[in-house]
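Kindly generate the complete structure, drawing on both the sequences and the hints.
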Amino acid sequence: MIRERLRSIFWKEFIQMRRDRATLGMMLGIPVIQLTLFGYAVNMDVRHLPAAVLDFSHTQESRSLVQRFEATGNFRLTRRADSYEEVLRLVDRGWARAAIVIPEDYARRMKRGGPAQVQVLVDASDPAVSQNAIAAAQLVGQSTNLEIVSSLAGPLARSVPPLDVRVRPLYNPALKTALFIVPGIIGVLLSNMLIIITAMAIVREREAGTLEQLIVTPLSRTEIMLGKIAPYVVVGYVQMTAVLVLGSILFRVPIRGSLLTIYLVAFLFIVASLGLGLFVSTLARTGAQAIQSSFFFLLPNIMLSGFMFPREGMPAFAQWLGWGIPLTYFLQILRGVILKGVGIEALWPQTLALVAFAILFFTFAVQRFHKTLD
Amino acid sequence: MTADAPVVSVRELTKRFGTLTAVAAVSFDIHAREIFGILGPNGSGKTTTIRILCGLMAPTSGGATVAGVDVVEAPDAVKSRLGYMSQAFGLYKDLTVEENLRFYGGVYGIGTAARERIPWAMETMRLTPAAGQLAGTLSGGFRQRLALGCSLLHRPPVLFLDEPTAGVDPAARRTFWEIIRGLAAEGTTIIVTTHYMDEAERFDRLAFLSRGHLTALGTPPEVRRAFGEGLSLEDIFVQLQEKNG
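Line by line, the protein sequences are chains S and R.
Oh and the first sequence: position 15 is 15 in the working numbering, straight run, nothing missing.
Oh and the second sequence: position 54 is 54 in the working numbering, straight run, nothing missing.
Hints were generated in silico from the structure; no laboratory data involved.
Warning: the hint list may mix true and false statements.
What the hints assert, rightly or not - Covered by chain S, per the in silico footprint, the following chain R stretches (three or more residues, Cβ under 8 Å):
1. 66-80
2. 83-96
3. 100-106
From a predicted model like this one, the values you see are computed outputs, not experimental measurements.
We put the beta carbon where it would ideally sit given N, CA and C, even for glycine.
Structural data, given as structure tokens:
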């Protein structure tokens, strides 16, 4: 009997989903749009920065230095300037985002063993853009120095440079932003969509007067709630699978860890998000209100969870707020499993946090929901 | 239950919300096959009384039984013994007529009986021509009869109608009451609230509520006499409303 009642609500919910073209389009279209948009457009590893060269030296040495800059791949030499004023003008107008200025005595000083000075101007108005260029410029300087030092020290030292720091980027060696963003999209999408869709599904019944009718039937309050919510667990899993599949096809996001782990932990996250959706539905009387109140939860999800902006760079207060968002933990789990290939043994604190959120949000929302039915 | 035992029995039913007394020690019995009207202006306690009888709300004191079930002790059990149809009709507009019936059949857990009850509802409620139509596209009369059909799939002995004819055209209203009288003749006990006094005139018995108190109980002629010769039910209703306001 209980199974028949629950089955009836699921069945009805799926028919309604199928007939509601706008919501259906939103449920299936938004994952695809968000994935391609974020995956292609959000690119924080800026390379090939247009750069100008002002070479007063005009020597073999200065040309070889310019080549070293180009070889890093961070600079694309687009212009040659003839004066310092011209360099400044190019950067001012944005035609060049960086400039390399080599003084006239560069080669002479180098031959004497230094010190020679080279100036690199970087347009740092956008810190994300400038960081790579600054790092690359410093690297060029260091490696050139090392070579000179070792060549001066004689044949013995040449094979063993005094210090050779080698950085090996782990997990994402090509430093592609898409690899970092795509797992995040799964989390952002699941929470944002589930909150809005669940809230809307319940508010719609209240607006139509059908919720009132359901309460008079032998359906218990818990059955009504489960019947309304459980179909959206399925929706959540479908969306998650879509992003995983598209992510690996379009952006070659590797899935290094266990898919099973992701799917199991996702359940906790989905329950927590559904709880929030249910909670929003108890606040809102109309669909428009439901969407508005959802945004209250959506913005922190994007800003504070570490989805787009590294949490390490946030002030302590914002970091602390971020700990109150389930997405923060889920993102760490997703990136850990997908990119690092680690298992639950490395991520149990985050998993426990999700368990706590799921229980907390859900019980709170259920209690409120029951009250609003009276 | 003997033949004469009331199907619905209300004893000293009282409900307070804070300092407000919505229902004040109301008692009445309703017998099998009766069409029983609960009348009164807004705020008279009608809705609260019905909500308590449907097991949606616990009374502050007093009690009631519906179809042999104590609504205070077993509010959940009472829900499967009654049908409820509201003014809002509670239909899913994006489901067809047939799907709405299937859904409510499932929700009442009628199981395989659906195979026989859904065609019964289609026929009795005169819905067959609209079987595949979305409920949202139905006219008021069809929608009302579909809602009625949905609330009767589980063969409830008691049927609650909460302002069932609001916003329905006269021809459809006439059809509706024909069906209701047919149901009563077959043994269903029917409890109605309405604002249309011409409809109430044709009910078997009436209870007039005013500010939570039962002010009159009996057949329409008995109620009219209680308030004074020459008054219509409509006059009585307006009088009570003015006293309330």
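Each hint, compared with the structure:
1. 66-80: That given contact holds, which follows from 3 residues of the region 66-80 of chain R lying within Cβ reach (below 8 Å) of chain S.
2. 83-96: Coverage by chain S holds for the region 83-96 of chain R (10 residues, Cβ < 8 Å).
3. 100-106: n = 5 at 8 Å, threshold three: holds.
No hint from the list above goes unmet by this structure.
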